[in-house]
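Those protein sequences? They're chains A and B, same order as listed.
In case it helps, full-length UniProt numbering puts the first sequence at residues 1 to 485.
In case it helps, full-length UniProt numbering puts the second sequence at residues 1 to 397.
Be a bit skeptical, because a hint or two may be false.
Stated by the list, open to error - Computed from the model, here is a short list of chain A residues facing chain B with C-beta under 8 Å:
#1 ARG28
#2 THR351
#3 TRP362
#4 THR410
#5 ASP412
Stated by the list, open to error - Label-pair ranges, simulated between beta-carbon atoms:
#6 TYR85(A) to LYS198(B): 37 to 47 Å
#7 THR309(B) to ILE449(A): 21 to 31 Å
#8 GLY389(A) to ARG279(B): 32 to 42 Å
No lab work stands behind these hints: they were computed from the structure.
No residue lacks a Cβ here, since even glycine has one placed at the ideal position from N, Cα and C.
Residues per chain are reported as follows:
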Amino acid sequence: MTTDGTAVSTGRGILGYGAYLPYRRLDRKTIAAVAGTGGGRGTRTVASFDEDTTTLGVEAARNTLRATPGADPRALLFATVAPAYTDRTNATAIHAALRLDGSVPAMDAGGSVRSAAGLLRLALTGADSALVVGADIRVGLPGSPDEAAGGDGASALLVGGPADGPVLAEYLGGAAATAEFVDRWRTPGDVRSKLWEEKFGENNYLAAGRRAWTDALKATGLTADGVDHAVVAGLHGRAVAGLGRRLGLREGVLGDDLSGTVGNTGAAHPGLLLAATLEAAAPGAVIALVVLSDGADVFLFRAGEALAAYRPTRTVTEQIAGGAPLPYGKYLAWRGLLPVEPPRRPEPARTSSSAAVRSVDWKYGFVGARDRESGAVHLPPQRVSMTGGNLDDMEPVPTADVLGTVKTFTVDRMAYSPSPPVVFAVVDFDNGGRLPIELTDMDASEVAIGDRVEPTFRRLGTADGIHNYFWKARPVRTARAAEEA
Amino acid sequence: MGSHGIKDRVAIVGMGCTPFVEHWDRGTDDLLIEATAEAFADAGVRKEQVDAYWLGTAQSGMSGLTLAKPLQLQGKPVTRVENMCATGSDALRQAAYAVASGAYDVAMAVGVEKVKDGGFQGLNAFPIPGDGTARTLTAAAMFSMVVPAYGEKYGVSEGEMREVLSHIAAKNHYNGARNPRAQFRKEIAAEKISAMPKLAGQLGVFDCAGVADGAAAAIVVRAEDAHLYTDKPLYIKALSLVAGNGSGVIDPEYDYTTFREIAACAEDAYRQAGVTDPREELAMAEVHDCFTPTELVLMEDLRFADRGTAWKDVLAGAFDLDGRLPVNPDGGLKSFGHPVGASGLRMMFEAWLQLRGVAPAERRIPADGRKLALTHNLGGYPGDMVSFISILGNELG
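Next comes chain A alone, as it looks inside the complex (with noise of 0.2 Å):
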């Protein structure tokens, strides 16, 4: 075991934070009717059918972007431990739906929650501007622990110096207590992972996590009673839950770890706790994150002056509150543990690589095109104007964060889809384009003329083991979206 306290003075902290749950919740109580074992009390969240880490991670780092005027990252850095492919980097897709320079680097690590909180002590650490993605799809086998107690979810946080924004949360320093001991293991491509007896990896976890907060309070010149809000994060639940008490806190300290209602969202939970801190933390406030994979992470911050006036663009809190329930066995449909009959028609064919590259900006970042002369918005962009017939005379339209309100729609039950039936809208998106688009997190119940609704990032499906990235719509739902739309 090593450990190693430091303190910083560079300045450099959080400049933006976002996180993203999706919009389906398992009840644990319904999984032990079916599986005969497990569950539990509470919910989890659950990852769409048409939603993989890549996704989940563009949602967050749109919300933290957003909420962040000026934010301009100089890299971003990606984590997760359920990647959507191997042997390529799956963070250049999050790079695509940002919009993020050619010239911003942007890279994946992988293999434990662990990676995540390396990324970010990375970004802390370094020089320039950086966007921590982490996100995970958290399974188990039907009726496992792993399956009650996981969640799916992403977080994004913007770190950075002074110079590039007001810091939210200035880094006053932290530690590392780095250990090799296998209490959790998966090979690559099973869908469980095993676990040594749970007292083992306790104790080890136990005996990093103190080792590291006492090395990075002594780093900082802090004492434990001087922390005003303090989070734990990691995949073993009892040494989570037995280090938050032992770490000298003040009764009222030690923040929800979200079990509850979220479930452990691996990669993204550092982020994700993070980030319901930050929106509850008043100035000047010493904050703690304490993850625990593979030993011990402690970082502690300090919320400044500009948290106050810090508007995220979807709380944790309120994202909580907006799921809906899915069935347990849609769950597993959608997670690929209960195979169902497809639908009997072609499978979609694969993406064409070149066709996809050519069409970067508005596969991925839904960009449109709008003619100068006569204002007609294409979407898709097209170079010969439908109106006046200009050649090669259009204008960019971003229209990834443009609502749109349904025109009429339509309830399709033969088209394919991993979870049929397809609900299809026409809509007329705020900014004069109109888009025939495929509505997600509904019922199809649910729609009608009228409503409003807001794009987001899904994968439409896979052939040949390429993903189709593209936009959806779904219902406005948040506070602040209602607000604007």
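Position chain B against the provided structure of chain A, taking the given hints into account.
Chain B in isolation, oriented as in the chain A frame:
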């Protein structure tokens, strides 16, 4: 510049049409051989006497070889035509224009589709490599959006719309029950049609055309030569084609109660034929009833009814077999199914039978002196389609 047409310059002198059914025992080659054999016999010509061929097929074969090989054509020009659901119609259009140009004396248009070898229900388009962002809705879903839009615009209640759509389907099945070449030969009560579970929007299975295999063929010659082949030729009065620019799908002005391409196509066709009042001048029409709401809107786009009133005319029986203007007297796509490349020529085959007075008595349209028939195809979706219209007549002038 101008779309002048070839009124009365080219005549159809022989036609053939296979039954449209699930031909499990016949392949594309068989269907082509049988449809063309009937047309050759009808016109009294041998394959050697046809100077050029146009083969329409959406996805049952590529190139002219698809026809040249099964027919064993020797040294003949054969062009494969594809224009979605207007494929067969467009094959005839090209054959007719080639004859009108003087390039050939005798030409044949053949349409074929072997749909039922695909292993899936419904029509499934051949996938073209793309960026993955194209719509994946079924045609039924796209056309289903017409129903609430039309109802809302013209104040027709959901229940009334249901009655209108069911009347259209029941009428076409009534006609198809009287046609031995049709796939579905049973009358179906409107109440049963209304009660079907919904597949897409408010459309149930009886609101959708069936799927079948089939082929149809026509032989065309210069009008002045027509009587060398038959005493009862059909003269081509108009052939109009419009390929839309797709703007309806993305234009917020588009309201899903009309098909702009078809309205434009109709204007062109009526001008070519010199038709000013289609309701009075046409004896019958074969229209592209891929879905019941499609036929409803077509009645207005083709000017068979004023805007917002076709639903009343439908309910009043105006387009029934004994109505003011019989529409789809052969049973339409509804009864025939839709072998994409063949349907346009199948429609012309009905005009061929009816205008020449040889349609079976049980589905013969009233003989009231009207001498023109209209056939219409569309391919694509509301806002994004091709449209074809022909006008045929049994007399010159």
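Hints and how they fare:
1. ARG28: violated, 35 Å
2. THR351: holds, 4 Å
3. TRP362: holds, 7 Å
4. THR410: holds, 4 Å
5. ASP412: Because about 4 Å separates ASP412(A) from the closest Cβ in chain B, which is inside the 8 Å limit, the hint holds.
6. TYR85(A) to LYS198(B): 37 to 47 Å: holds, 38 Å
7. THR309(B) to ILE449(A): 21 to 31 Å: holds, 24 Å
8. GLY389(A) to ARG279(B): 32 to 42 Å: Holds, at about 35 Å.
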